[in-house]
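Quick note, the sequences are listed as chains A and B, same order. The first sequence begins at 1 in our numbering and counts up one residue at a time. The second sequence begins at 1 in our numbering and counts up one residue at a time.
Honestly, the hints are just simulated from the structure, not real lab data. Take every hint as true, because none was put in to throw you off.
Simulated crosslink set (DSSO-like; lysine-lysine; CA at most 30 Å straight-line): (1) B:LYS194 x A:LYS62; (2) B:LYS19 x B:LYS408; (3) A:LYS72 x A:LYS12; (4) B:LYS66 x B:LYS38; (5) B:LYS377 x B:LYS359; (6) B:LYS194 x B:LYS229; (7) A:LYS12 x B:LYS132; (8) B:LYS528 x B:LYS370; (9) B:LYS309 x B:LYS204; (10) B:LYS14 x B:LYS463; (11) B:LYS287 x B:LYS312; (12) B:LYS309 x B:LYS225; (13) A:LYS12 x B:LYS142; (14) A:LYS62 x B:LYS287; (15) B:LYS132 x A:LYS72; (16) B:LYS205 x B:LYS355; (17) B:LYS202 x B:LYS229; (18) B:LYS229 x B:LYS355; (19) B:LYS225 x B:LYS312; (20) B:LYS504 x B:LYS528; (21) B:LYS66 x A:LYS62; (22) B:LYS40 x B:LYS132; (23) A:LYS72 x B:LYS142; (24) A:LYS72 x B:LYS175; (25) B:LYS408 x B:LYS225; (26) B:LYS225 x B:LYS66; (27) B:LYS345 x B:LYS228; (28) A:LYS62 x B:LYS195; (29) A:LYS90 x A:LYS144; (30) B:LYS142 x A:LYS62; (31) B:LYS202 x B:LYS312; (32) A:LYS62 x B:LYS309; (33) B:LYS19 x B:LYS463; (34) B:LYS312 x B:LYS355; (35) B:LYS312 x A:LYS72; (36) A:LYS12 x B:LYS14; (37) B:LYS312 x A:LYS62; (38) A:LYS72 x B:LYS309; (39) B:LYS175 x A:LYS12.
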Amino acid sequence: MEYIVSLLVENKAGVLSRIVNLFSGRGYNIEMLNVAPTMDPLLSRMTIVTSGDERVLEQINKQLNKVIDVVKVVEYRGRPYVEREMALVKMHTDANTRAEILRIVDIFRANVVSVARDSYTIEVIGDSGKISAILNLLEPLGIKELARTGKVAMTRGE
Amino acid sequence: MRLNGANILLESLKREGVKHIFGIPGGAVINVFDELYKQKDLEFILTRREDGATFAAEGYARSTGKVGVVFVTSGPAATNTVTGIANAYMDSVPIVVFTGQVPTNLIGNDAFQEADTTGITRPCTKHNFLVKHVEDLAETIKKAFYIASTGRPGPVLIDLPKDVQVNETEFNYPKSVFIRGYNPTYHGNPRQIKKVAQIIAKAKKPLLYVGGGAISSEAHEEVYKLAKKLSIPVFTTLMGIGAFPETDELSLGMAGMHGTYRANMAIQHCDLLISIGARFDDRVTGKLSDFAPCASIVHIDIDPASISKNVKVDYPIVGDAKLILQEMLPLFDGYEDRNWEEMRKPWLEMIENWKNEHKLAYIRDEKTIKPQYVLEKLYQLTQDIYPIVASDVGQHQMWVAQFYTFTKARTHLSAGGLGPMGFGFPAALGAQVANPDRMVINITGDGSFQMSMQELATIVEFKLPVKVVILNNGFLGMVRQWQQLFFGRRYAGTDISVQPDFVKLAQSYGVDTFRLEEEKDVEEGLRKMLSCKGACVMDVRISPEENVYPMVPAGAPISHMLLV
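Start from the sequences, fold in the hints, and give me the full structure.
Take a look at the structure:
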């Protein structure tokens, strides 16, 4: 089961390593990881996508809560939330593919953020389903390079 | 008051009530040692290896509940402390380790005796700090002691670069600290406590499962009251030994891989298992899917992550065991019309039968000394003085747990989780520093003792009257036992009959010492050792291929016991 957990952590040296050590030391898997400062410069937010059965997920939560530099653990199971990921995709282009690529970009409400003689760089934002869908369509047209941010998430409302 | 970092460190320790420090000096902490030399309030115990210092600090902490303190230098000294730190982490022992570090401007340059100490110890400390500015030092020390000694206790490390020890700042020791990510829960949820009390009252075959947490939280009196009031039988884990008097009729001794038949059978037949400060370790549970098959499980623990980690718990209570039991005990006053003893009779009779079916036993023979016999005799001779008994790791550790009878908390020191050989002797030394008027005995093996025998110099230098009993079988006995039982007697690497003459070795340090080779001399030998004013090393040649029984093979259900 895929599981998103978001952490508010002290914005200090070594904190990322504590979290990553915890996952590797206990045999949990990190599928995606995103870290950035919050409005409070003393805190950072980490969003981790992991997986496991119910028991493992409960342990991950409890073990994360035990880390002294972790101020808060937010999990999204059973609550409405939004998740987004961004990808930058550099496409190989030629006279035969340009129009098709632009059509796909248009359909997915993505943007071309850089244009060169033989390439487009596309920015696409969405949930994992949308990102996978556009990558599926773009792949046969020649992806040169791909960079994904990993997910960020937030509960709805409140 | 303006002080340099080294002085801030020493002043802060005094404010924390520290009296003793274990360790070894070196280049990166030379400034701290220079200040230590100039004062009299803190006594420094020089061990001969850094792992000895951490184990000694653990013995100090385990025997008193106070925080043990270690000073060592950078690099190799810091890495030598790792085993002791990992051990303290596994067994939840409060120690604070100060390591020297190269100056901040050299960190990361592969300087002489540099190691990434905070990086290396991150997975085995409760928390650690690298102090980069002397202004942060006092508050960091306050935090370290607070974190080490509260909640589920554990080791904390502070890495101190050389320039931080030298730089000066205004010294203000904070009265308290606030750490927003760290708020241990002490009081159990009152509704849950009430519910659990009702469930305990209803149970026909309840069983108390008492671990080291009951000792950490000083809950042994409350455990005793609960057991006696409701006539509930009690078994302990290795770490819980001493939390309940083993002389009591409700005591089933230790359970698990080398536990008693009655304790393991009681687990498999109870209808309610009440765990207090224990963590369902694999050495206790055996095959998880067959563990306590008929029981609902209550788990009282201060660490939420311990709950439902290995075994699904039906009724968790997170909090301090002592406080929770104090709140729970009066709830049983509402059952005045109930005769608990009468109600418990059928269950206690079942247990009595198991007890008589297979007692802890060994077969004596004329020719050799049986280790179990030595420990039974030792108990007979010392039962009125409640000595602190520190064991090492291996067969003798299990024999101590089985055949020495413990009745008081903090008298049995044993490395349960990590199991580092070489723990016992320095732990005994640390316990002796903390308890100068108590009898402290280290029961060790010839393998374990060789991993820390350099500390003989320490007990001589600091006049520590530790009694060392080497149960010498010429083997790494526990591994040999597995090889005998499960690997066709192929004794790969376990024959350690090439070894020093321990008597001559102890003599070379100026320690009283002698050897026992016949059973008839054991009692007199023990008396002689116990009457030694100073330290004493006794080399007891035991039956070389004696095994620890009962034994549950790894991965089997705990009712599948190999018996004598």
